[in-house]
Each structure stands twice: as structure tokens, then as C-alpha cells.
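Engineer: What follows is each chain in one-letter form.
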Amino acid sequence: MLRSFLAACLLLLSCLSSAQAQDRTIQDVLQEHAEIIAQSSRRTIGPAIDAIAGSGLPAAQDVLQAWQAKDMWQRESDGLFFKAERIDSSTYDLIDFATGESVGSASKDDLEQLKPNSGIRAMIGAALVQFQLNDPDPERRREALLAIQRDGEASHLPPLRASIEGETDPEIKALKETTERLLTISYDSNETARVQAIEGFKGSLSLDARAALNPVLTTKIVSADGLSESANIKRELRAGSRDLSVEEAYDLLVSAGLIETQPSLAERKSALESNIENGAVAGVPLAELSTQAARDRAYASLAQEGVVPAFDPNFTMEEAVTGARFAEVYDEPSEAVTDAAEATLTSINRAVGLNQFFDLSLDGLSLASIYFLAAIGLAITFGVMGVINMAHGEFIMMGAYTGYVVQQIVPDYTVSIILAIPLAFAVTFAAGVAMERLIIRWLYNRPLETLLATFGVSIALQQLAKNIFGTQARPLTSPGWLDGALSFNDVVSISYIRIAIFILALIFLGVFLFIMKKTRLGLETRAVTQNPRMAASMGINPDKVNMLTFGLGSGIAGIAGVAIGLYAKVTSELGSDYIVQSFMTVVVGGVGNIWGTLLGATMIGFLQKGIEWFNPSNTLAAQTYMIVFIIIFIQFRPKGIIALKGRAAGD
Amino acid sequence: MEIFKKNPSLPVFIAALAIFTLAVTFMSEAYGTGALSTSFVKTLGKTLCLALVAIAMDLVWGYTGILSLGHFAFFGLGGYMIGMWLMYARTEIIVIESMANAPIPPTPSEISDAIGTQIFGVVGSSDFPLIWTFAHSFWAQIALVVLVPGILALVFGWLAFRSRVTGVYLSILTQAMTLALSLYLFQNDSGLRGNNGLSGLQNLPGADAISQDNISIWFFWASAFALLLTYLIAAFIVSGKFGSVIRGIRDDEARVRFLGYSVEGFKLFVFTLTAVIAAIGGALYYPQAGIINPAEIAPIASIYLAVWVAIGGRGRIYGAVIGAGFVSLVSTYFTGGQAPDINLGFYTIKWVDWWLVLLGLSFVLVTLFAPKGIGGLFDLITHRMSPTRHGLPLGPDKGSLREEEAEK
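Each protein sequence line maps, in turn, to chains S and X.
With this note's numbering applied, the first sequence corresponds to residues 1 to 651, in that order.
With this note's numbering applied, the second sequence corresponds to residues 1 to 408, in that order.
If you want the footprint, here are the derived chain X segments under chain S, 3+ residues with CB under 8 Å: (1) 99-111; (2) 165-179; (3) 306-320; (4) 361-368.
Once the Cα atoms are required to be at most 25 Å apart in a straight line, the calculated SDA-like pairs of lysine to any residue come out as: (5) S:K466 with X:L358; (6) X:K6 with X:F269; (7) S:K466 with X:L329; (8) S:K569 with X:G194; (9) S:K173 with S:P138; (10) S:K639 with X:L159; (11) S:K518 with S:P542; (12) S:K220 with S:D339.
These are computed hints drawn from the structure, not numbers from a lab.
The model shown is predicted, which means the values in this text are computed figures rather than measured ones.
Each residue gets a CB set at the ideal place from its N, CA and C atoms; glycine is no exception.
Just chain X, same shape as in the assembly (with noise of 0.2 Å):
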């Protein structure tokens, strides 16, 4: 198998993961022994969620050069695509039973607009808004999760590209769209009841029956599968020819582009791609989570997302799935409560306080003093030391990388 050989980790990620999978599910309570708690089950599913955004972010900036701080707005679009079908489907099977009773049965209008009323009285409207047009629908809904933040990408990615807005300043367009969609969904009339947001997600229509231990290893199983698939795809792009452009472009789009390649065309593609797969994350995502709001889309969130892949370490698919990992579950630990507080006698440092300063100062120290991440650890087992280069960089594209983040 080519894709074996070009990707040495592929193997070791296989077999990490089916370990793993395996091992959650023999501690669950579902399904094992219950040494993990339902709600550490779903943490944990959520984490692989944001590993496989992770592998999209990983992508678009660690391969391609495009530092995007938008893929958690197209995260957060998957989300609240799948919200809607689970929030309509919960709401009409409830608005049936509550008029089941009543001494006529309902005609189909009067059921719409009981759960118009249901869902959208938290903002003073009982109408459906035109989006919700297919929120009946599981296989239309399905199907928006990956069109609508495929097209929203693929528009303004095919207009950011077309005027050559590259580096920096495309890294704060992207930004800029995070924090238009995030303000427009803030606003009640947006459609999607505002900064309420959609929530009950956790509750699977028609599924009351079935426990939620059972229901959050299933949804894990389901985010692992998907990370699996996801590590797969990237694997394959990153590995064949496709993969060499990418990085060509990375490191010298000006070279590439003068090679005769589409550069507007492959970057619009990783582009588009990525926000799928970040859109899939999110449909998985959220319905572990039970609630998303626009908050959840802000501008932040996408900055955060940039982080972990560099502090797994950026152009390595696995170096995002650490980072992502190993962040959001330090975070969850220390932000949860659970790390106990350093008494130094005239302060005590309480770490739901401290974590943010912590985690941003060795964000710092990672950018400055080990730029190839968590990552740059595997080379010094597998003894993969770049060449001595004096640090300059690989090519002159602001994107680029540095000669240390590089594998051989």
C-alpha cells in the first residue's frame, strides 16, 4: 500500500485509536465496567471531534499555508445544521403526544405551528424562518450540514483567493467573516433563536427509551469512526502529488504558480474541503455537547483551534490530533475544578483562575522554542533530525515553514 509507506504514523494512529475506542468502550458504563463516567465518555468523544477539526485546520494551514481563524465558524455551522433537525424532531415528537389527547385529533398546520411556537418563543416569534424550510427532513439536513458551510467557503474562499489576499491579511478576513456570522447569529431575528441558540441536542428524537450511556458511547464510536476516515483522507492528500503542490504552495506560491499550477484552484480546494470536514466535526460534536450558541462561533474559538495544531505540532497530520487532544483535555482538567490549588503561603493559585495565563505563556514558549510541537518529540525517537540549515526557512513564502518544523 502506497499510503503506508509514504505515511510511517498511519499504522501507529490505526492501531493507537482502535486501542483507544476499545478501551473507552470496555470502562464505559454501557458497555464495560464504568470506570468512565458517562459525562467523561462524552468528554472524550467531543475530544475526537476536535481532533479530526483539527486535521482540517492542520490542512489549510500546516500543509497549505493558509492560516485560516474561520474553520470554527464552519465547526459551528455543521452544528447547528444537525441542531436543527434534532431540536424539530424532539419538538414534534413532544407537540404529538401533548396533543394526542386533545378530543380532535391535529391537523398538520395546527402541529407546525405548535412547534413553531415551541421552538421559537424564546425570541418572541411563532413562525418558521425560510431556513428552516428542510428541518423536518434528517437526510436534507444532513445534506446542509456539508453544503452550507461548503458553498460558504467555497464563495468566500474563491473571492479571498481570486484578489491574491494571502499571509496575514487573509488571516484576518477570515476573521473578520467569523465575527460577521457570529454577530449575525447573535441577533434574534437571525433565525436561530439567537443567543439562546439551539438546545436539548443530547436528546435523540424517538430515543428517550435509550439511555445516555449508551447513546454517548455510540455518538464515541461514531467521532472515532469519523477521525478515523478523516485521518485517512488527509493521509491520502498529503501523500500523493496533490500533497506536494500544497506544499509547494506553502512554501513558494509565486514558484508553483509560475510551474503552471491552478494555485487559486488547489487552495480553494483544501479550502472548501477542510470546511466540510470541520462542518462533519461539528454535526458530530454538538449533539454530545447538548447546547450551541453563537458564542461558540466567535472569533476566539478559531484562534484557539490555530493553537492546538501548533502545539501538536503544525504539517504533521498526527501533530494536530495530539495537540487537539492533549489541549482540550488539559483544559477540561484544569478549567473543571478537579486540579487541586497551589497554596505559596501568601497566594493561592486557584486554576480555574490561572489556566488561560498558563496555557497563553506556553503558547508563547512553544511558538518561540519548539516550533515543531508535541510532535517534534516522535523525531527524536525515530532519530528523523533535519539537516543543519541555520534555521533559515524552506521557502520565502510568509507561510512557510522554518527549516526546525520541517521533517527531513
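Isolated chain S (complex conformation) (with noise of 0.2 Å):
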């Protein structure tokens, strides 16, 4: 009921000043301020910024943009305003605002252009903000909002306040709310309404919020004596205390004329500098000079000569600066706003505190993923064959070039992903064989010699991969639909490559789990690794184990190469950054467990999320401190979370 009659109302409104459009035209309101509006001063040119803009002509909006462009002319024989564009240097195009038809050509030297100064355009721009608040589709509705909150002006709280009444998208309107009480927290002279305003940000996250209230609780640091009795005090404050030093205090002092400046260590220095006379400075030899004492004598008997202002020798900054009394001052006059932006602050610290809770937890949970997708194939070759390969993080790199090559000859980015992930399968499962034909199944008994002879592979590997690619760092670009990020408020929120990679850690676990518990393979994997002797005298080919178990592990750590290589740079050195790490994780988690290795990248993950939040500044301090963690885990864990226990743990 009340919609329709709205919606009569605005249909009246809109016939009426049609109407009003028969009889009067644009140009009948330029003409009536044609005298200023040529005139062009800041002072006197409201008026008839406020006539276009409040005629509710539908050429208005035109006007006042070509106006604010430089682009409106006036015609000297009879004082018209046109919109003029250019045709040659001296001939331009004159164009009517009201039917935005041309009306003839005219010469340059006929028209007179109107050159508003900044202030003006400033003027004009504020003006039409209500056209673009009004505007018909939503979006360049959105547009100016958005606009408005990153740089509002005072002049914008009228026009935004007039057009939420007419507001029909919900959503919109919702925006021009916020927006509005932003502006009125900082533009609004009503004290009252300012404290409204900020109340009803009690609780936000929006970063717009906590940048509105930030202004009106600017502080100063002043002494306290000769304060206004007015002013908004937010506290007192003592010398030395953490947040105002002596060296400030007192300066605050001497700025402030309370006492008297003494001359500072480089001062007195100068002035004997300068007071150097045959050598010696008052009867003091120079080479004397080389303590701080001599100094101070040579001072103070040149203060006695009067040539230097006196110093005295007990003066300490802190003697100077105790007993006065020092007050932290708003720059904001009214207590009740900054009370209640205070009161406000601390809930939306609060809110965004815990919100930054989670969005480290999402942090921590996509480190454990990357980490579980680096680690899962050494939890089969190193964890349950027992085998140390330091190639491991070559093979993850070969897989990343795989998925680069891939993607040289497929252009398109999803086609190529799908196709990378079975190649590089592929590609390291064959490496994973080749190696363990060739050289482990050698140095089964000898695991320090296969720890060496793998790092040989590692660093032949490694030089390869410079050879073939060069040293700088190649793109593996992830598909249009990785792109972006989950985010479900200001604070919190997550890239969907994180995400891609957190849902293949859970399928990598499910394919692990799968192999090891359900089939054939794993049954004699399981079966060789506890006993091989048993294991060949049930009819298990140990050396066909080994080599598919092997390969299967390196054919892993390819995937998880394509998988790091979409949110890294695929560099040689991309596997030896996570070498150490995956072996960590693997350790940490219990040898032989995948459970462990789950709940060791888990651990691993979160807690170099939470070292970083303490300093997040210094990534390298969180790994330092990670590992030296890890050192003492192990003191109390050797054998890791999860530890195997009886005949299953091998000794």
C-alpha cells in the first residue's frame, strides 16, 4: 500500500517537473546567472551551481559535468551557453544542453571559454554527487558510494542523506547508510548525532569504520600546566613511562617555555670548537680533551668567562623532567564523541581481534596442507620404506616444471592443469623407479649412504633443472577460476588455490589411505617393510614392491610439485626449500604413520602461523624458532606424535 503510493507520489513528481521542463529551459537558468557564472569566482558562484543542480532539469547533470571538463562555452554575440566540441583549431561544434543536438558550427574567436578553478570544479563535483546518487543503475550507484567513503567531503552529507529516502535497492540503501554515518561521524556538527553515528559501528569490521573513528581520536602528548580547563583530556601522564620518554618530555618542556634549555652533549662540543685559542680551550690542552670530563671542565670555565651559556654539571634529563605533570589531549573538543568512539574502538577491536583469530587459523590449516602435500610422498618412501631420499625435493620441482611445460603447449589454463597432474604423475613415478632400480635398492642395509648417494641425484638434479630452464623463476599460472579469494568479511578470508590445495591434501590422505588399507600393494608394502625375508617366502616379489612403492611416493611428490607450483615461483632451488621441512614433518609426526604426518604438518603449520603473529614482520624468525621448537620436541618425542609400537616399529 504504502509502496504504490509512494511510487503515485514519484510519478506525479516526475510529470510535474516535465511540465516545468516544457516552460523552462537549461539555458533560461544558465541565463539568469549567465553574470556570474562568466565571472567565475569561488566566492559568489554558488548560487548558481545550487539553480542548475536544484532545477531539476534533466540536462543539469550534463551541464554541470561539461562545466566541471572545461567543456562549456559561451557564445559572445548572444551570451548562450552551448556544450562546444572541437571540429579544426578555430572552428568548434556547438552542441544545445537541453535537446544534446548540434545548432551550427561557430568561429573560435565568437566563443568565450568558461575555465572553472579547481574550487569551483571541487564545488561543482560535490553538486553532482546527487545526480550520480540518483542515478538510474544501481552500479554507478555503487560506484559513487564506494567513491564517497574512500574520499568524502562535508559537502557530500546533504545530497547522500536526501537520497537514502528514495532508495529502492535494500542493498544500496544499506550502503548509503554506512556511508552516511561515516560522513556524519567526521563531517557532522551535531554532536549527538556524531555519537549515534559512531555507535552504530559497535561490533563492525569494516575497515572504513575503524578508518572514521581512527581521525577522531588523534591524540597529543602536552603538559599539563597551563591546560585549558575545555580540553578533552584522555589521560595524565608521567615522564619515563612507556609511551612518553624523557628526551620527549623534556623537550615538551622546553618547547612549552616551563624550563630553562640546557646546552646538549653536540652544543658544548661546538662551542669549544670554537673556542679553541692556541691550542688549548680555557687554558685546557687540546690532546686533554679526550674525555668527557676534561670537557666538561673546559665548559664550565668558559661559562665562567661568560663566553658560552652555563651548564650545570648536575643537570640529568630525568631530574628535569620528574614532578611535571604531562596530559594526553584529543584533538576532538567533545568528550561524549570521543567516549563514545573509544567505547566503539575497543568493540571492533575486539570483533576484528577474533576474526583475526580465524583468518590465521585458515592461514595455519592452508601452511598444513602445503606441507602435508610435501610430505605425504616421503611419509611413503621415507616413513614406510624406511628410504631417505634427499631427491625428494627435486622431484617435487620436476613435477612444477611438468606442469610448466604443460602449460607451453596447452594455452588454455584448466585443460592444461588436468593434464599436468597425471603427467607429472607420470614423470616422477618413471624418476622414482629409474632411482630406485639404479641405485637404492643397493643401499637397503645402508641408509647414511643412501642419504648421500640421493643427495648426489638431488644436486645433479637441481644444476639440470638451471641448465634447462635457467635460473629465473617460471610462471605456473593457475586457471581464471583459482583466481580470487573466499573472503567472508573484511578480515577474514581465503585464496581458492589455498583451498584447491587444502581439498588435494584430503584427497591425497583418502588415495593414501586407500592404497595402503584396501589394496594388493599395500598389503605387500606393509608386508616388505616389516619383514622382507617373510614377505618373499609367502610369494611376494619384494624388488617389485619396493619399486612400485618407491615409484608410487615420488609420483606423489610430482602432483604436489604442479600443487605448490601454482602459488609459487617454480624455481630449481623450489624443492630444496621444502626439503627440510617435509622431513621435519614426517619426523615430528612419528615415522611409518600417516595419521602422524597429518597431525605433524598440522602442528607444524599452526604454530609457524602463531610464531608469525607474535612478529609478522620476520618470516625467517618464526622458521628459526619453528625448528628450534621441533629440536626439543623430539627431546620429549622421539619417535614422534604417533609413535609405532611392538613388532611394527622395526626395533
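From the two separate chains plus the hints, produce the assembled complex.
Structural biologist: Here it is, written out as C-alpha cells:
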């Protein structure tokens, strides 16, 4: 009922304005104010802009835009205003504002360009806001609002308030109300309105709310003596506290003229330098001036002579500032506003903190899944088979480079990723099988030698990759649908690639469990690792099983390489960045148990993010402390989080 | 002399080292014909230091069976400790010289501030961190060369051996320690100038008048002397009862423990002692190299150390020396651009690019087919052939030697 009534009113209004338009054209409005428009002075132009903006004519927006863009010209012969388009250097095409049609050309000599200065252009811009806010296209309304949020002014407030009522789109209406509150906080003159607007943001996560509140709460520290009664004091301070160092307090007192300034160390030194006479200062030979005590003596004699300002040797800054009172004072005079802002900011910070915790947890989860992905191949080769493969990282790198090569051949990113995953598996599976056949099987009972031999393979592969692909990073571009991030609000968000890696890690966990528990290969693998001779006598070929298991672990490393390559740059050092962390993951989790690896990756991922949270600028320190933590952790659980017991433990 | 009887290689080694030192001296630019350039004398001196740390690695891995991937970290720490004094003392001289022209002589605190600004300007600081407390004193820093890596090895070893971490797990753990240390030093606020490292170490304080030709040969002598001492210490350790015990630990740790020996104590002693030897090697190496930065400590350096020992032949001291000398000199030859390119018609092999591939593969081959390494060649000469035990290991431990790696 109400809505139809409003619609009827709107209809009536538009009829009226169109009826009016038949009587009055925009040219009439312009002519009414022709004089002040031509005069183009910031002090007097106000009524003209208001009249154009308030005329309700459809051409008003065009006029303002043309005027602002310096496209409005006045014909000198009759004083009429036109939008003019340049034809050649001396001729311009004149366009009537009301009809939008050309009314013929004119010589430049007959035209006068209106050149509004920047102050006037800003006023026109503010007047244009109301048109943008009431634009029929909702997308342009949204853009205008976001522009105001970014860069608002006091003059935006009245048109914004006026436009809220007529807004039909509920989403944009909410945006308008938020924007109105933001502007109210900064620019309204009414204290109650500001307090209300501030309190409206309690618990909000929006960055703009914080950006609007922070300028309200700016403070400065001043000496409390001579402070006016009306000052809005945040708190009293003492010198030497955390927020006010002794030096700062001293400077404040000096600049307030409350204490006599004492010459500083540097000033005293330069005073000595400028008073050198015959290789001595005030009778003290220069050579003796290499201690502070001697310098003080020389300075005191100079001061006695009255050449330099006196210096009290007992003077210390601490003593000078003790007893002095200082206060932190808000720039904002109204106490009610600052109180409300403080309370709201506290509640915002609490909400933000909570959400940052969630965000950090998501980060930790995604880091954990990356570590898990990098380590799961090792969980097979190292955890199940007990083979140390230092070239595991290079298998990850091979997988990433396979993805890169596939992308060079298949330009469609989605197809190329789908192709790259099985191909990376195939390449690294083959490499793994080859390495097992050629090297590792000769060294099964010499684990330390395995470590060194596979390290040899690792440096050879790394250098080979450098020779083939060069040292610069190669891009592995993710398909378009993995771009962007899933954001829950302004604080909590996670990129789709990380979600994909998390899902991939879960899939791998499932595949690993399926192979180990449900397939013949898994059964045989477990049998061979527990007791190769017994397994052989039961008709299992240990050579073949070892080969396949190692190939499987290597193949998974290849797929992990594709996933890691998607979010990190592909270089020949990609693998070695992960190798130590991967081994740590397996060792911390407990060798020979996939759940242990999962727990290990989770623990390392979350802990690393947690440590980074304390010192976010320093990921190196986070990694250092992480490793130190792991070393200590292994003291208490040498066999990892989940230790194998009994016969499966192998010793 | 008991020690000579038990180490027939000792007189040969001493003679070889003496001849080598004399030959280099008479071919150097400072005291001889000048056939060897100063930079090559430095390379040779550095190689002797690497041989020294390789002996340490051989003691801990080849004799005790602990594959430590952290000994190059101790080497680097030793370098850092001596580098701190070198850098401080030299900067002090420069600062005092530049302040001498000031109208008023500087106070001690002004000098110290100026040195701090000079050294830490690159990392945006000017204050001396706590770890530079003793940097002004040569003898204190020399003591720290031994103490810092020694205490680190002692604490780390005590923690690791106490909880019976052995075999590959210990290797991974030592590698993690190395990685943690290098990552820590890479930070700008670590107090050791972050990834800039310490530089200008080849300029000895107060020795500007002496040419690098002389300094290089002096360091060469010092390195040779240190290598000799280390060789004697190592030979002494492995030839006595102590040597038998640590070899027993390598081949069958559990059995040695059941015999009543404190396996952890022996391991800890060897681990710490070799860490100190490595640190001394580092303290001699880096003044010749001129610069040290955290990349030198990266885990890969420690693995290379194991590679040298393996190629030279583990479980024999001269093997470590030969391995380190051979591999590092050949590396210098190939990566220095001196080796001629091989033109295959369709592709030109540039050794700068392909040397690491060759090294990696030859390392695999040595591990597979010549577990005795280069040192095994001497067995052919002396006809010290091992009895046929069909390649079985000498003990059940993971670190124990295989039959074909052991001497008779």
C-alpha cells in the first residue's frame, strides 16, 4: 500500500518536473546566472551551481559535467551557453544542452571558454554527487558511494542524506546508510548525531569504520600546566613511562617554555671547538680533551668567562622532568564523541581480533596442507620404506616444471592443469622407479649412504633444471576460476588456490589410506617393510613391491609439485625449500604413520603461523624458532607424535 | 713411538705436507719465484682449512658413525667469531684515523658510536648488539671461536644423544639445527649484519703496510700447521683405546653399551671436539676468503663436507684430507671457468653449468661402486686386501662400515 503510494508520488513528481521543463529550459537557468558564471569566482558561484543542480531539469547533470570538464563555452554574440566540440583549431561544433543536438558551428573568436578553477570544480563535483547517487543505474550508485567512502567531504553529506529516502535497492540503501554514518562521524556539526553514528559501528569489521574513527581519536601529548579547562583529556602521563620517554618530555617542557634549556652534548662540543685558542680551550690543552670530564671542565671555565651559556654539571634530563605533569589530549574537543569512539573502537578491536584469529587459523590450515602435500610422498618412501630420499624435493620441482612445460604447449589453463597432474605423476613415477632400480636398491641396508647418494642425485637434478630452464622463476599460472579469494568479511579471507590445495591434501590422504589398507599393493608393501624375507617366502616379490612403492611416493611428490608451483614461483630451488620441513613433518609426526604425518603437518603449520603472528614482519625468525621448537620436541617424543609400537616399530 | 706404529700413514702425511708447504712457499710471490699467484696461494690455504674440517667430519662420521650435517655450521660460527674482531679492530683504526683531524680529540664513547655506525649502517642500526661485547678484544674473540661452537655442540649433542636419536634421524636433526642457525643469521636484527655478513676480513688490522702476498703465505703456513696438529690429534685419538671404543660404537652401539661404556659420553666428546676443530678451521679459512655470510652455513655446505669425506674415503684420516683437497680444487678448476668447453657439435658443454651434474653423478657412482673412496687406491698399493666376507656389514648398526669399506 505504502509502496504504491510512494510510486504514485514519484510519478506525479516526474510529471510536474517535465511540465516545468516545457516552460523553462536549462538555458534559461544559465542565463539567469550568466553574469556570475562568466565571472567564475569561487565566492559568488554558489547560487549558480545550486540553481542548476536544483532545477530538476534532465540536462542539469550534463551541464555540470561539461562545465567541470571545461567543455562549456559561451557565445559572445548572444551570451548563450553551449557544450562545444572542437572541429579544427579555429572552429567548434556547438551542442545545445537541452536537446543534445548540434546547433551549428562557430568560430573560436566568437566563443568564450569557461575555465572554472579547482575550487569551483570541486563545488561542481559535490553538486554532481546527488546526480550520481540518484542515477538510475544501481552500479553507478554503488561506485559513487564507494568513491565517497574513500574520499568523502562535508559537502557530500546533504545530498547523501536526501538520497537515502528514495533508494529502492535494499543493498545499496544499506551501503548509503553506512556511508552516511561514516560521513556523519567526520563532518557533522551535531554532537548527538555523531555519537549515534559512532555507536552504530559497534562490533563492525569494516576497515572504513576504523578509518573514520581513528582521526576522531588522534591525540597529542602536552604539558598539563596551563592546559585550558575545556580540554578533552584522555589521560595523565608521567615522564619516563612507556608512552612518554624522558627525552620527549624534556623537549615538551622546553618548547612550552617551562624550563630553561641546557646546552646539549653536541652544542657543548661545538662551543668548545669554536673557542680553541693556541691549542687549548680555556687553558685546557686540546690533547687532554679526549674524556668527557675534561671537556666538562673546559666548558665550565668558558661559562665562567661568560663566553658560552652556563651548563649545570649536575643537570640530568630525568631530574628536569620529574614532578612535571603531562596529559594526552584529544584533538577532538567533544568528550562525548571521543568516549563513544573509544568504546566503539574497543568493541571493533575485539571483533577484529577474534576474526583475525579465524583468519590466522585458516592460514595455518593452508600452510599445514602445503606441508602435508610436500611430505606425503616422503611418508611413503621414508615413513613406510625407511629410505631417505634427499632428491624428494627435486621430484617436487620436476612436477612443477612438468606443469610449466604443459602450459607452454596447451594454452588453456584449465585443460593444462588437468593434463599436468597425471603427467607430473607419470614423469616423477618414472624418475622414482629409475632411481630405485639404479641406486637405492643396492643401499637398502645402508641408510646413511642412501642419504648421500640421493643427495648426489639431488644436486645433479637441480643443476640440470638450471641448465634447461634457466635460473629465473618460471610462472605456473592457475586457471581463472582459481583466482581471487573467498572472503567472509573484511578480515577473514582465503584464496581459492589455498582451498584447492587443502582439498588436494585431503584427496591424497584418502588415496594413501585406500592404497595402504585396501589394495594388494598396500598389503604387500606393509608386509615387505615389516619383514622382507618372510614376505618373499610368502610369494611376494620384494623387488617389485619396493620399486612400485617408491615410484608411488615419488609420483605423489610430482603432483604436489604442480600444486605448490601454482602459488609459489617455479625455480630449480623450489624443492630444496621444502625438503627439510618435509622431513621434519614426517619425523615430528612419527615415522610410518600417515596420521602422524597429518598431525605433524598441522602442528608445524599452525605453530609457524602462530609464531609469525607475534612478529609478523619476520618470517625468518618464525622458521628459526619453529625448528628450535622441533628439536626440543624431539627430545620429549623421539619417535614423533604417533610412535609405532611393537613389531611394526622394527626395533 | 706408538702413534707412528699404529698409523703407518702418519710419516708419509707429514712428509707430504712439509714438501707441499715448502714447494708452495718457494713458488709464492712473497718468498719465491712467483709461479703461484697470491689468489691461488689463498685458494690452497683455504683448501688446507677445508681438509682440516674434513678430518673433523671423518672423526665424527667415519670413525664414530654419526653422520652430522651440521659441522659446517660450526666452521661458519668460528669464522664469524674471528670476523667480528677483524671487522671491529679494522673499523676502529679507520674511525680513529678519520677523527684525528677533528679539532677536539674524540672521547671513547664517540669512537665506539662511530664504529657502530660504520659496521651496522648497512642493516639500519648503529648500536652494538650484546654479542659484540667482546669484539674489541682479540683474545676474547679467539676464546669465543672455541667456546661458542663448543657449547652449542655440547648442548645440542647432549640433548640429541641423551634421547637416543641415532642414524638418519640424527642427520636430519643436525641438518635442522644448521638450517635454523643460517635462517637466524639471515635476519637483519640477528646482530651479525644479516645477509650482508662480515666483509673485508682479508685486511688485517694494523697491517695495511704489509702486502697481501705476504699475508696470504703466512695464513697458508698457519693453515698447514693447524692441519698438521689436527692430523696428529686425530691420529692419536683413533689409535688408542678410545679409538677402539668409538669404532665399536659405529659398528654396534648396543653391544658397546652392554660392555659398560658410556656411549653417550663418548659420542658427546667426539661431537664437541670435532665441532671445536671445525670452528678453528673456520677461523683460519674466512680471513683468507675475506667475507662470510649466512649462505656459507646453509645445510648444503655441510652435506658437501660429507661428500668430500665419502669421496676421499671415510674411516681413514688421510682419506678425508685427500677428499677435501681433491674435490674442492677440482671444483675450483671447473667452476672458475678455466676448464675448456667441450664442443659436441650439437651442444657445447660449459663446465660452469655442468660441473655440479658431474659431481652429483660421480658421487652416486663412488657411493655405489667404490665405498672406500680415493683412499681405497692406497690399499691396492699396499696390498691390504680385505678378507672375503661377501660384502656383509661389520656390525648391525646403521652407521657401521661394510666389509669392503674397512681396512683389514
